[in-house]
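K.L.:
Sequence:
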Amino acid sequence: MYKISDFLAELERSAYTKPGELSLRPTFSEPPKWERWAIRDINPLSGQKKVRMLTVPNEALRFLHKGLIYLLRVSKKASSALHYARGARPGFSHQRLVSEHRGNRFFYVVDLKDAYSQVDHSLMIKIVIEFLRAIPHFEAFSEEDEAGVTIFLERYFLLPEIPGLPVGLPASPDLFNAYIGTLVNWRISKMISAGHYTHYLDDLVFSFRSRPSRKKRREIRETLKQWRLPINHGKCQFKDLKKGPIVITGIGLEYGGRMFIPRNYTRKIAGLVHRALETRDPHEIARARGMVGLVLHTLKVARQVPNQHEEKLLRSFRKLQDDPENNR
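Its first residue numbered 1358, the sequence shown is counted upward by one per residue in the working numbering.
Worth flagging that the hints you see were computed from the coordinates, not collected in a lab. Be aware that one or more of the hints could be misleading.
Stated by the list, open to error - Simulated crosslink set (DSS-like; lysine-lysine; CA at most 30 angstroms straight-line):
no., residue 1, residue 2
1, K1434, K1600
2, K1547, K1600
3, K1407, K1423
4, K1407, K1360
5, K1433, K1483
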């Protein structure tokens, strides 16, 4: 049996080990630290531009985050608290999230506003401690252990100068999953016994075979409000698929279960393929392959054949693939 405080102390010592020291630990050229960057983010498909503040870690801090991510995922609480989470989960994708809802007709999609910044530090610490308590092979927690975990989290994960969870740090998605999974998911799941619920980080997806009442949707919103998780009402959707398809995390879904990449996105992908065919530039070719991969993965997950527009795109892509100059 191990003490959690000893494990975290050893993990922290490893992050401060310098090159040249006689040690079996990994070595890093500088101690754990981060920088704040303003990033101009451009969606490669929609072209939408957004300036975001990112917290960028160095390699030593990434090492510490990798350690906490491992602990959160092996905890016995993960199977219950993360049951509905699809983002930052190995083996899951946007396509897999959408495929789970095929067969339902009515959709209610809720977008949380600035979700990471709403995370309460004291609640987050309590939740992490509960996750760590549920890991086999660790001794029972003492007050000293709880204090050590708190210091560890506040030093490297919950930065005092940044509200909530810092966007850009590797463990933030896993911490957010644990937070919403512990506080909200089990309450919401009881409300929708006749439907299906999943969330991709801050995008909450509810689907039903029959139309959910306004009271039911209001109860969902009130539960989120109770835990200070404000909703971005401008991005929320309520859809009847018989009246038209819905797009969830960039993936479209039609009544009857067909999944697709939205037409305006496929046009942009077709433009990338055309540019790659014309220029033969390795960067453009790699970019086109990556974007076409979205279409191929969607077809694979949905187990469906391409429609007319998708087939036209794939024919152009095959020309790029068949060119020996592009496969050297």
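K.L.:
Run every hint past the structure and note whether it holds.
P.N.:
So, going through the hints one by one against the coordinates:
1. For the hint linking K1434 to K1600, the alpha-carbon distance of about 40 angstroms lies beyond 30 angstroms, and the restraint is violated.
2. Between K1547 and K1600 the alpha-carbon distance is near 28 angstroms, which keeps this suggested pair within the 30 angstroms criterion.
3. Distance check on the hinted pair: K1407 and K1423 sit about 28 angstroms apart at the alpha-carbon level, within 30 angstroms; holds.
4. Simply put, K1407 and K1360 have alpha-carbon atoms about 44 angstroms apart, too far for the 30 angstroms limit, and the pair is violated.
5. For the given pair, K1433 sits about 16 angstroms from K1483 by alpha-carbon distance, which is consistent with the 30 angstroms threshold.
Taken one by one, the earlier hints fail for this structure at numbers 1, 4, listed in ascending order.
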